[in-house]
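**Student:** Sequence:
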Amino acid sequence: MGEASLHPTRQRMLDVFGVERLHDFRGPAWTRIELIPDATAPDRLPLPFTPSARLLRELDTTRAVVAALFGRAERVTLELGWSSDEKAPFKRLPHLGFDLPREPHWRLRPDPDDAPDWWWNLRSVKLPATPDALAPFLLAAVGGFQKRGLINLSVGIIDFDTGVALDFYDARGMTPMAVTPERLAPVYWRFRDWVRDAELERCDALLAPWRDAGPRLTVV
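Positions 65 to 284 (the working numbering) are the ones given, in order, by the sequence shown.
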């Protein structure tokens, strides 16, 4: 019997990034940078700021980075992951304009004696790279990890044609990545003030050749 073929999206991940999941992507030092825009949403916003205002500021920040990375793409692929037990996940998703069927990828067993099994679900979605199409997923990405978060959803955005991607790891940060340094450099130099301090020295040196190369990206 022949081996089962991979899902086309996972095969494309292997072909472009060398891994089946975006979270597993590793490479030379320049392939990944962590953006942590704390200044846009500090822990304690002065009055009249509210949790809603914080969410809007984080969403604006995220939209700026997404526009810089994917503003010229026609379509992108979203890698979506979530954990769930036997209950139907994401009761609020339909209110944001989309729904996700349960597709268990692997099982988690936090306590083999008492706790029920939890499943990690993984799904890929292709959609136009427009602000309107991406909006509900960006809202889920930045809102899902806040206290009493909106949605327990892991979101990654991928443009296979250019070899760039963006992985959200919590409401405070995101990881732009690329398969060539010149594709990551414009985003690095544009958002350098948000790059994690530990990465600045190495990235300044590694991405210096592309500091002034190419046209400037416009945030829309």
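Think of the hints as simulated: they come from the structure by calculation, not from any bench. Backbone N, C-alpha and C fix where the C-beta goes; we use that ideal spot for every residue, glycine too. Incorrect hints may appear among the rest.
Stated by the list, open to error - Here are the simulated lysine to any residue pairs, SDA-like style, with alpha carbons at most 25 Å apart: (1) 190 <-> 226; (2) 190 <-> 256; (3) 190 <-> 263; (4) 190 <-> 84; (5) 190 <-> 200; (6) 190 <-> 123; (7) 190 <-> 227; (8) 190 <-> 118; (9) 190 <-> 75; (10) 190 <-> 70; (11) 190 <-> 247; (12) 190 <-> 78; (13) 190 <-> 125; (14) 190 <-> 117; (15) 190 <-> 237; (16) 190 <-> 272; (17) 190 <-> 258; (18) 190 <-> 274; (19) 190 <-> 116; (20) 190 <-> 224; (21) 190 <-> 264; (22) 190 <-> 261; (23) 190 <-> 268; (24) 190 <-> 275; (25) 190 <-> 262; (26) 190 <-> 273; (27) 190 <-> 243; (28) 190 <-> 239; (29) 190 <-> 142.
What the hints assert, rightly or not - Cβ pair distances, simulated, as ranges: (30) 190 <-> 265: 19 to 27 Å; (31) 69 <-> 192: 38 to 46 Å; (32) 72 <-> 184: 14 to 22 Å; (33) 100 <-> 195: 20 to 28 Å; (34) 69 <-> 257: 23 to 31 Å; (35) 196 <-> 90: 18 to 26 Å; (36) 227 <-> 195: 18 to 26 Å.
**Student:** Each hint should be assessed against the structure and marked as holding or not.
**Tutor:** Hint check results:
Proximity of residue 190 to residue 226 is assessed by CA-CA distance (about 15 Å); at most 25 Å being required, the pair is judged to hold. The suggested pairing of residue 190 with residue 256 is violated, with an alpha-carbon distance near 29 Å, which exceeds 25 Å. Proximity of residue 190 to residue 263 is assessed by CA-CA distance (about 32 Å); at most 25 Å being required, the pair is judged violated. Between residue 190 and residue 84 the CA atoms are separated by roughly 16 Å; this keeps the pair inside 25 Å, and the hint holds.
Note on residue 190 and residue 200: the hinted pairing holds, with a Cα-Cα distance of about 14 Å set against a maximum of 25 Å. Of the supplied pair hints, the one linking residue 190 and residue 123 holds, its CA atoms being roughly 21 Å apart against a limit of 25 Å. With a C-alpha separation of about 15 Å, the suggested pairing of residue 190 with residue 227 holds against the 25 Å cut-off. A C-alpha spacing of about 29 Å is found between residue 190 and residue 118, which places the hinted pair above 25 Å, so the restraint is violated.
Between the alpha carbons of residue 190 and residue 75 the distance comes to roughly 15 Å, so the proposed pair stays at or under 25 Å and holds. For the hint linking residue 190 to residue 70, the alpha-carbon distance of about 17 Å falls within 25 Å, and the restraint holds. Under the criterion of a C-alpha separation no larger than 25 Å, the hint pairing residue 190 with residue 247 is consistent with the structure, at around 21 Å. For the hint linking residue 190 to residue 78, the alpha-carbon distance of about 17 Å falls within 25 Å, and the restraint holds.
For the hint linking residue 190 to residue 125, the alpha-carbon distance of about 23 Å falls within 25 Å, and the restraint holds. Note on residue 190 and residue 117: the hinted pairing is violated, with a Cα-Cα distance of about 30 Å set against a maximum of 25 Å. Annotation: proposed proximity of residue 190 to residue 237 holds, straight-line Cα distance about 23 Å (limit 25 Å). Among the hinted pairs, residue 190 with residue 272 is inconsistent with the structure: their alpha-carbon atoms are about 34 Å apart, more than 25 Å.
Distance check on the hinted pair: residue 190 and residue 258 sit about 29 Å apart at the alpha-carbon level, beyond 25 Å; violated. A C-alpha spacing of about 30 Å is found between residue 190 and residue 274, which places the hinted pair above 25 Å, so the restraint is violated. Of the pairs offered as hints, the one joining residue 190 and residue 116 is violated, with about 29 Å between alpha carbons and a cut-off of 25 Å exceeded. Restraint check for residue 190 and residue 224: satisfied, since their Cα atoms lie roughly 11 Å apart, inside the 25 Å limit.
Proximity of residue 190 to residue 264 is assessed by CA-CA distance (about 33 Å); at most 25 Å being required, the pair is judged violated. This hinted pair does not check out: residue 190 and residue 261 have alpha carbons roughly 34 Å apart, beyond 25 Å. Between residue 190 and residue 268 the CA atoms are separated by roughly 34 Å; this puts the pair beyond 25 Å, and the hint is violated. The straight-line distance between the Cα atoms of residue 190 and residue 275 is roughly 32 Å, outside the 25 Å bound, and the hint therefore fails.
For the given pair, residue 190 sits about 34 Å from residue 262 by alpha-carbon distance, which is inconsistent with the 25 Å threshold. Distance hint between residue 190 and residue 273 is unfulfilled; the C-alpha atoms sit about 33 Å from each other, more than 25 Å. For the hint linking residue 190 to residue 243, the alpha-carbon distance of about 20 Å falls within 25 Å, and the restraint holds. Pair hint residue 190 plus residue 239 holds up; C-alpha atoms about 20 Å apart against a cutoff of 25 Å.
Our distance criterion of 25 Å between C-alpha atoms is met by residue 190 and residue 142, whose separation comes to about 6 Å. Between residue 190 and residue 265, the C-beta spacing of about 38 Å breaks the proposed range 19 to 27 Å. For the hinted restraint 38 to 46 Å between residue 69 and residue 192, the CB-CB distance of approximately 27 Å leaves it violated. Checked against the given bound of 14 to 22 Å, the beta carbons of residue 72 and residue 184, roughly 21 Å apart, stay inside it.
For the hinted restraint 20 to 28 Å between residue 100 and residue 195, the CB-CB distance of approximately 23 Å keeps it satisfied. Checking the proposed 23 to 31 Å range against residue 69 and residue 257 shows it is violated: the Cβ atoms sit about 45 Å from each other. Between residue 196 and residue 90 the CB atoms are about 33 Å apart, so this pair departs from the stated range of 18 to 26 Å. For the pair residue 227 and residue 195, the beta carbons lie near 22 Å from each other, so the given range of 18 to 26 Å is met.
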